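Keeping the supplied structure of chain A fixed, place chain B upon it in accordance with the hints.
Order-wise, the sequence lines are chains A and B. Numbering follows numbering that gives the first Met the number 0, with no gaps: position 24 of the first sequence is 23. Numbering follows numbering that gives the first Met the number 0, with no gaps: position 7 of the second sequence is 6.
Derived by calculation from the structure, the hints in this document are not laboratory data. Fair warning: this is a prediction, and the values are worked out from it, not measured in the lab. We put the CB at the ideal spot given by N, CA and C, even for glycine. Be aware that one or more of the hints could be misleading.
[Said to hold, decoys possible] Below 25 angstroms or equal to it, Euclidean Cα-Cα: the simulated SDA-like pairs (lysine to any residue) are:
id : chain 1 : residue 1 : chain 2 : residue 2
1  : B       : K54       : B       : D12
2  : B       : K9        : A       : A129
3  : B       : K9        : A       : D231
4  : B       : K54       : A       : E154
5  : B       : K9        : A       : P15
6  : B       : K9        : B       : P40
7  : B       : K54       : A       : I214
8  : B       : K9        : B       : G28
9  : B       : K9        : A       : I214
10 : B       : K18       : A       : E63
11 : A       : K20       : A       : L221
12 : B       : K62       : B       : P39
13 : A       : K232      : A       : L212
[As the list claims (entries may be wrong)] What the simulated footprint calls covered on chain B by chain A, stretch by stretch (three residues with Cβ under 8 angstroms from a Cβ of chain A suffice, anywhere in the stretch; the number is not a length):
id : segment
14 : 7-21
15 : 46-52
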Amino acid sequence: MNLNEIKRYSRQLILPDFGTKQQLRLKQAKVAVTGAGGLGCPASTYLALAGVGEIHLFDFDRVELSNLNRQFLYTPGLEGRLKAEAAAERLMEINPEIRVEAVCEKITYDNAFELLKGYSAIVDGTDNFAVRYAVNDAAAVLKVPLFHGAALMYEGRAMSIIPGETACFRCVFPEPPPAGMVPTCREAGILGSVVGMVGAIQATEAIRYLAGLEIGLKNSLLIINAETMSFDKVKVQRRADCTACGERFVPKPVEEVCTVESVQEDG
Amino acid sequence: METLDLRGEKCPDTFVYTKIKAEEMGYAGGGELKVIVDYPPAVESIPRSLEEEGKGYRVREIKKLDERTYEIYIEVPKFEE
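The shape of chain A in the complex, shown without the other chains (with noise of 0.2 angstroms):
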């Protein structure tokens, strides 16, 4: 570490379980970030900021003025300009010290397997099941650690996957809800600071885990209640007949359902 990183990362050094070893983990960490929206900027910026050396942001959308309440990485004049770039443009002025490259592809249950190959770690940023059980079951079979979050409305949910290990998304959630259950416009509706808390979150477990600490969310569903604001840990199980973790690898690709666009981008 040279005299800028000590500086830089001096008040997390300091902290009891955490010294020069951690942060050199972090360092040689490279973390795949999936979406670049209410989840993905607040995940990836606390990484960023963490000091995790490489982050590849996925995101094939662009950004909308409409995604300001929450998308912090984004200003007013990028409107139409791919998020991955201007979210890993942002990040490396944020820190310099770290390398963050934009993947503007689409990422389906076809490519999946492909494109998340050779992460130290997945965090989850997007809110689209075909996605999210895309990057549940290429992070299974390929053995990557999965960091799991979502926020719709007033609620918040996180998991931390560790394979082999923790129950995984398909454990818990083995299909997606019935096609009929399309949510109304006003479910769609999220506000920027508790989806940030999900962010949060996730980046917290997944820097944790990178630096070789022990983690909270291990085979447990943390679920956010932001009306309350009463934080709940579920219980969750391994399943041995999971066809993602399970005994048997089975491809179950997931169709996309929803048809409120700003609820599949986020989180």
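Relative to chain A, chain B alone:
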């Protein structure tokens, strides 16, 4: 009757504009609102979203003008301050 022409808008923006217009009318004493949309999912989503608001909105009629274009007639009650 007030008219809101939302042709060219998609969800959830169709509901954003409907909600804001309906609230404006509710605080101004209520009345009838005609919303025109040409995004078919909005025909189902706007009435459901309005109902979930719990403000007493009533969808009186939905008229199909052509393959994509619909008129939604909404009764907006007077809101208590």
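Inset, instruction - Please write out, lowest number first, the hints stated earlier that are contradicted by the structure. - result: 3, 5, 7, 8, 9, 11
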